[in-house]
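A.B. asks: Spelled out, the chains give:
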Amino acid sequence: MLFEYAIVGGILLGIFYALLSVGLNVVFGAQKIINLAHGDIIMLGGYAAWELYQTYNISPIISTVIVVPITVVLGYLLNRVIAPRLAKSSDPEMLSLILFFGLSEVIEALSSLVFGNAERSLPVTSIPTAPLKLFGQAYPADWWVSALVAIPLLAIFLLFLYRSSVGLQVRAVISDSVEAAVAGINARRISGLYFGIGFALAACAGVWGVFIFGGVSPTEGPAITVTAFAIIVFGSLGNPIGTLVAGIIFGIFYQLAQVYVPSWSNLVPYVLVIATMLTRPQGLFGRKQRIA
Amino acid sequence: MLEIKQMTSGYGPMQVLWDLDLKVNPNEVQVVLGANGAGKSTLLKVIVGILPLWSGLLELEGHDIAHMSVTARVKRGIGYMSEKGIFPELTVEENLRLGGLSKQKSETREQIDSVYQRFPELKERRGYVAGGLSGGQRKLVGIGRSLISQPKILLMDEPSSGLSPRYVSEVIERLAELRGQMTLVIAEQNISFLKIADTVSVIEGGRTRFEGTVADFTNDDNLKTAFFGIE
Numbered sequence: 020m021l022f023e024y025a026i027v028g029g030i031l032l033g034i035f036y037a038l039l040s041v042g043l044n045v046v047f048g049a050q051k052i053i054n055l056a057h058g059d060i061i062m063l064g065g066y067a068a069w070e071l072y073q074t075y076n077i078s079p080i081i082s083t084v085i086v087v088p089i090t091v092v093l094g095y096l097l098n099r100v101i102a103p104r105l106a107k108s109s110d111p112e113m114l115s116l117i118l119f120f121g122l123s124e125v126i127e128a129l130s131s132l133v134f135g136n137a138e139r140s141l142p143v144t145s146i147p148t149a150p151l152k153l154f155g156q157a158y159p160a161d162w163w164v165s166a167l168v169a170i171p172l173l174a175i176f177l178l179f180l181y182r183s184s185v186g187l188q189v190r191a192v193i194s195d196s197v198e199a200a201v202a203g204i205n206a207r208r209i210s211g212l213y214f215g216i217g218f219a220l221a222a223c224a225g226v227w228g229v230f231i232f233g234g235v236s237p238t239e240g241p242a243i244t245v246t247a248f249a250i251i252v253f254g255s256l257g258n259p260i261g262t263l264v265a266g267i268i269f270g271i272f273y274q275l276a277q278v279y280v281p282s283w284s285n286l287v288p289y290v291l292v293i294a295t296m297l298t299r300p301q302g303l304f305g306r307k308q309r310i311a
Numbered sequence: 004m005l006e007i008k009q010m011t012s013g014y015g016p017m018q019v020l021w022d023l024d025l026k027v028n029p030n031e032v033q034v035v036l037g038a039n040g041a042g043k044s045t046l047l048k049v050i051v052g053i054l055p056l057w058s059g060l061l062e063l064e065g066h067d068i069a070h071m072s073v074t075a076r077v078k079r080g081i082g083y084m085s086e087k088g089i090f091p092e093l094t095v096e097e098n099l100r101l102g103g104l105s106k107q108k109s110e111t112r113e114q115i116d117s118v119y120q121r122f123p124e125l126k127e128r129r130g131y132v133a134g135g136l137s138g139g140q141r142k143l144v145g146i147g148r149s150l151i152s153q154p155k156i157l158l159m160d161e162p163s164s165g166l167s168p169r170y171v172s173e174v175i176e177r178l179a180e181l182r183g184q185m186t187l188v189i190a191e192q193n194i195s196f197l198k199i200a201d202t203v204s205v206i207e208g209g210r211t212r213f214e215g216t217v218a219d220f221t222n223d224d225n226l227k228t229a230f231f232g233i234e
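So the protein lines, in turn, are chains W and E. Counting from 20, one number per residue, gives the positions in the first sequence under our numbering. Counting from 4, one number per residue, gives the positions in the second sequence under our numbering.
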């Protein structure tokens, strides 16, 4: 019974972890950089949910929708500021790491000033509270509700990416931004939009992270970034579908570890990264290309 | 159609083009010959706007395009096919669709169908990821995408690069079908492309060494020695 519990719970949580990580992969795709402030954007999403509920009694489900346009615009504007500087840099990867490390620190410090250092949490009554009963086991409401919210969000994102004309342009820019520009695509605008979408997905995950992580605090960002990084490396950098599958696999492994070796469970992200690097550096969905 | 005078440019502080001149007439196929490092690719990148023009004149149909963005130049009618020429992660069909971004969906569909008629092997592989195709097929995808965008002038950077002689012949045959229908500038070091050229430019050390017809080129003993190895 414990095994079934770990598998079903892992899938539910894995869907949430897919949402948690896909934004990091999107930002990587948009700019070929690792957003070290990814966990902090998730944390801001959590604070947005907390503030909206405490002040206006807005349900986290509605907050998930509210944070999308705000974070898309924020991400887009941030991209327009940093992208030209990165383009001019002789070492854009290093510059981006420093920039986003700095941004992470600033967000953390500002969050401490605004919200205080104490962890904030939302009452479970802010979402449907009935646990999900499956195979004789009960799964907490926040697990299945967050999965239920994440599924349409991820589906909309994938439809946008693989079925729309703008999504095709996004994938062309991800593939080769110079080639995309000479194909007539406004690569900077498309890249900025995609970057913003990455932020929005992160913020949406943050709204539900308040429940899954038991609360939100200013210092939680870096640990979340590490988990998300492990998942996107496992699923292949730049491949959002890989991230979705990897998120679910991670969720299952994490839950299995929680059930059978709980004190070791926090090692799962690190083991995942090391194992991926040693056995399949291109990740689960990385493809080798034909040379000639 | 395209006029370049005293063009200078390069990468960062390194100057590659030195007062280069080039003139391309409408519906002409011009092959720009030069050895590795002569500046052929740099020249095309400056024309399309990937690299900045340091000084000199760059005009398309009498309009100064030197300060336009890449996107604006593409809208004005410049097409560019890089050595890679494709988006390897996208399917053949998706690569072709990118050629028709500025067109109505129905028009793009017609154009894609016409490319499939011209290159039936692409139709058979429409759902394949372009990066998995053979070198020759990849070039056809690049050419097909360029045809759909219907540029006034198409710049091609080493279409023979990475291809076996069999595929080079195939690409040349396909390009020959376009003669007289559009203006082509082909940067190459493979002299086989002279078969389809109206005019030739030879670049050496970032400078124009020769401009003229194919006949003029083949009659020049010095160039013969340099490119054909004939004493």
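Since the hints were made in silico from the structure, they are not lab data. Fair warning: there could be bad hints in the mix.
As the list claims (entries may be wrong) - Across the chosen pairs, the derived CB separations fall in these ranges: (1) E127(E) <-> S282(W): 44 to 50 Å; (2) Y14(E) <-> I85(W): 45 to 51 Å; (3) R79(E) <-> P103(W): 21 to 27 Å; (4) S167(E) <-> I85(W): 41 to 47 Å.
Ideal Cβ placement from N, Cα and C applies to all residues, glycine included.
A.B. asks: All hints are to be evaluated individually against the structure, with a verdict given for each.
C.D. replies: A quick look at each hint next to the structure:
Range check, E127(E) to S282(W): Cβ separation about 56 Å, and the 44 to 50 Å hint is violated. For the hinted restraint 45 to 51 Å between Y14(E) and I85(W), the CB-CB distance of approximately 47 Å keeps it satisfied. Distance hint for R79(E) and P103(W): a CB-CB separation of about 24 Å, consistent with the stated range 21 to 27 Å. Taking 41 to 47 Å as the suggested C-beta distance range, the pair S167(E) and I85(W) does not conform, at roughly 58 Å.
Hints 1 and 4 from the earlier list are contradicted by this structure; the remaining hints agree with it.
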